[in-house]
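Trainee: Protein chains in written order, with the working numbering: chain A, 1 to 492; chain B, 1 to 492.
Do not take every clue at face value.
Any copy, or any two copies together, can satisfy a pair, since identical chains are not distinguished.
What the hints assert, rightly or not - No more than 30 Å apart at the CA atoms, straight line, and that leaves these computed lysine-lysine pairs for DSSO-like:
| no. | residue 1 | residue 2 |
| --- | --- | --- |
| 1 | 174 | 274 |
| 2 | 185 | 221 |
| 3 | 154 | 221 |
| 4 | 185 | 274 |
Bear in mind the hints are in silico, worked out from the structure with no lab data behind them.
Protein chains: 2
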Amino acid sequence: MPTTSPVRHRVTVIPGDGVGPEIVHSAMRIIEAAGVAIAWEEAAAGAAVFRAGDTSGVPRETRDSIERTRVALKGPLETPVGFGEKSANVTLRKLFETYANVRPARELPGVPTRYAGEGIDLVIVRENIEDLYAGIEHLETPDVAQGLKLITRKGSEKIIRYAFELARREGRSKVTAATKANIMKLTEGLFKRVFEELATEYPGIRAEHLIIDNVAHQLVKDPAQFDVIVTTNLNGDIISDLASGLVGGLGFAASGNYGDDVAIFEAVHGSAPKYAGKDVINPTALILSSVMLLRHIGEGAAADRIEDAVLATLESGAAVTQDLARQTGGDVEQATSTSGFTDAVIGNLGRAPMATLARRARTPDPTASRLPRWDYSVGHYAAISRALVGLDIMLESDLPIEELGPSLAAVAGDTFRLEGVASRGTHVYPGEAVGDSVRWYTARYVAAEGREPRGRDLLDLLGRVAEHHRWTHVERLQSFDGELGYTASQGA
Amino acid sequence: MPTTSPVRHRVTVIPGDGVGPEIVHSAMRIIEAAGVAIAWEEAAAGAAVFRAGDTSGVPRETRDSIERTRVALKGPLETPVGFGEKSANVTLRKLFETYANVRPARELPGVPTRYAGEGIDLVIVRENIEDLYAGIEHLETPDVAQGLKLITRKGSEKIIRYAFELARREGRSKVTAATKANIMKLTEGLFKRVFEELATEYPGIRAEHLIIDNVAHQLVKDPAQFDVIVTTNLNGDIISDLASGLVGGLGFAASGNYGDDVAIFEAVHGSAPKYAGKDVINPTALILSSVMLLRHIGEGAAADRIEDAVLATLESGAAVTQDLARQTGGDVEQATSTSGFTDAVIGNLGRAPMATLARRARTPDPTASRLPRWDYSVGHYAAISRALVGLDIMLESDLPIEELGPSLAAVAGDTFRLEGVASRGTHVYPGEAVGDSVRWYTARYVAAEGREPRGRDLLDLLGRVAEHHRWTHVERLQSFDGELGYTASQGA
């Protein structure tokens, strides 16, 4: 019998677009039937909001509601073409700085896959704010587009610590960091170094680092080897969708986005407009997302009951939605509706699946903490010694490199010398230039022998280059505590 | 009986590190047994070269040899820690501008996988020069690392056309472009737009675009749906390793790197130092890479014979290397050696596999072409109208945003106004700032009402900002033919 919880929680609910309202309704019905008292604040976001002229897709009232409740359950959102250039989903993550995207992938009973019986039970912890998702892009020339990949120590520390603490909380024994540090030594390399440093604080948890392409390879070869995987934003985007494919697809893929103050729970799948309003979509992904929500607000017992009821329902095979019927070669015409599946889960509250295919989450460890280890204070940064090394000047030019190179060298002045010119990161001057020109080059100027350039010298140098060339992008070359803060060009 | 080909080809061979010499020797023996006359020019690259003090890992003599022969067969190369910061593999690709990395993944007889019988036969065509592999990284502050993702129209055009022409050449019917254009509208978006434009030139080939995370998902859910996949560098890195995991692993993963003038063929796997010199490694990947080499130099008949012999050998199960024995639960102690497997393939020359699991490559289409469609001339670029819109100035600052913002606005001058300040791409000023500071901001200055800034104004603005703040990076904001060449910050 459901016993109504004494706490009355406030939660923002965003029904969203397409099939969103149906699956959100399904989850709300189940939560109510499980006896959790929630005062839902319904809020808008997505297509209708964009069409009404709000280019963020997330109106003020919705932001206010989430600031109040600090927890949201969200259906999929669309960004209609021609309205607003940024995704409302990403805007929500950014506005509330939900830096940890958590995507469990585990084998489910009654969901046949090629990997059934192998015991997949992993969690992907994806950094959710930085990396290429900062969305800072510039056209350097009409035909050269540039995006910034940003990785910070603070952002890396937060997500990596989150992953280790999640492992402790769920009684998991291994955390794998997945990066491309072998190629991107400063950005992905920073993430890897922070991982290695933090791992020493968790002697009870096995820490390993694998290159992201190897992780993708291992996920299809032997996914059961993984426990917790922590990774940067784009890597995590790709491998979390990969992992959901191993265990039945997006219809079963739950997710939570956790920040310091706010958590937002959502199904991973899209709004599937062609199924909207037809009562046919599989609501499992959003129901399992709401289970994560319940655990987050301290309703662990109800979360366990709902999760067990979902697993028992899937295992029984008595309520099979269209997507699953299609995967199993069943009769799609006879498939269970969204509301029928919801009724079946409610009917199974109190039941547990017969087969326990995956480890059960353990009790939260009360000593879990997410405090930073590093000192991010003004004093800390002031104590780091810096030296000005030179300037990278990126420029657009139609000149052949054998003219461009000497022209750039000629304006170096007394304080600097032209170390070299690179095209798309490959050294092309001095020496033999190879490969295609894309009419965009990086001129690297470093301090001339015995000179110590100052900030003003950088501006003067840029001024001299600007007299002859159309510069598009400038980078200060620095060293920090004696280490160069930039990479050499390839083949230099 | 092998008939010796009348042509005597010159090919550079780089034995490489670890197991490299063994697998390269295996492929050379088989090619010789198949009757193709090759004058091999042996050349060095990798660990020993780095240790001898060459920071590129690729010595002059090796570069000269490849320039002469234009074709290379290469074992895996190591970049020993502490010597040279760039991978010799990447350096080779860059130096010879082998822009097309081609990675077939197809079901092999006798190699049991979860996907056996589904008929996987796809080719991943990965752009090999640009993207984050340009390797242009800067530390903006001690704790903020930045890498540049570069996508050019020319680079995109070359690889996309390569993919369509490969489809024609091999009689394939579909090309899928995989991008993250929904998030990175300028960079990945450029690749997608070029794909859509070029697709119209190939009416006989079905062209589709999928988001990269969906491609990763579909590759594990239903890989047989794919034919040719064309994608940017990092995406391609991840999904090509994923795809090789579907069909038996890296021991079977061949690859070719094609440029305008040079092609380099290599196994995908690493140097596996712990197996070096033990005669136990599976040479199939390098043998199949040498099959791609033979097709490239016009020895298609010999290539077919060797490929058939490899397939027949695998199918027979009579020569099972350690890696495969491990996968199939066979007796690793009794596994076939590298040289034993090589002997078996040579013994099977002239045989074909009984089951033809995958489509056979068709005759090259003599009309295949790779000429550019766009005009990359000086005149073309001169005709594009440009306007100077403003300046992004990235800077390091310990100030709280409510002080930093006004301070940046105060120096805008008459020509510019401060449009806003963003932190990691998210708008933080004016308005309410949310989220973590990483002490690094982007100040966006745009032309003040009615003003048309000139180049000199940019330098003056930067000078004014530099008086109060430590700028690290500057971007010229431009429009091209009336369209803004940069993205808005999130939540602005």
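Trainee: Hint by hint, say whether it matches the structure.
Mentor: Do the hints match the structure? See the list:
1. 174 / 274: between (41 Å within a copy, 25 Å between copies)
2. 185 / 221: within (27 Å within a copy, 33 Å between copies)
3. 154 / 221: Classified as neither: same-chain Cα gap 33 Å, cross-chain 36 Å, threshold 30 Å.
4. 185 / 274: between (44 Å within a copy, 25 Å between copies)
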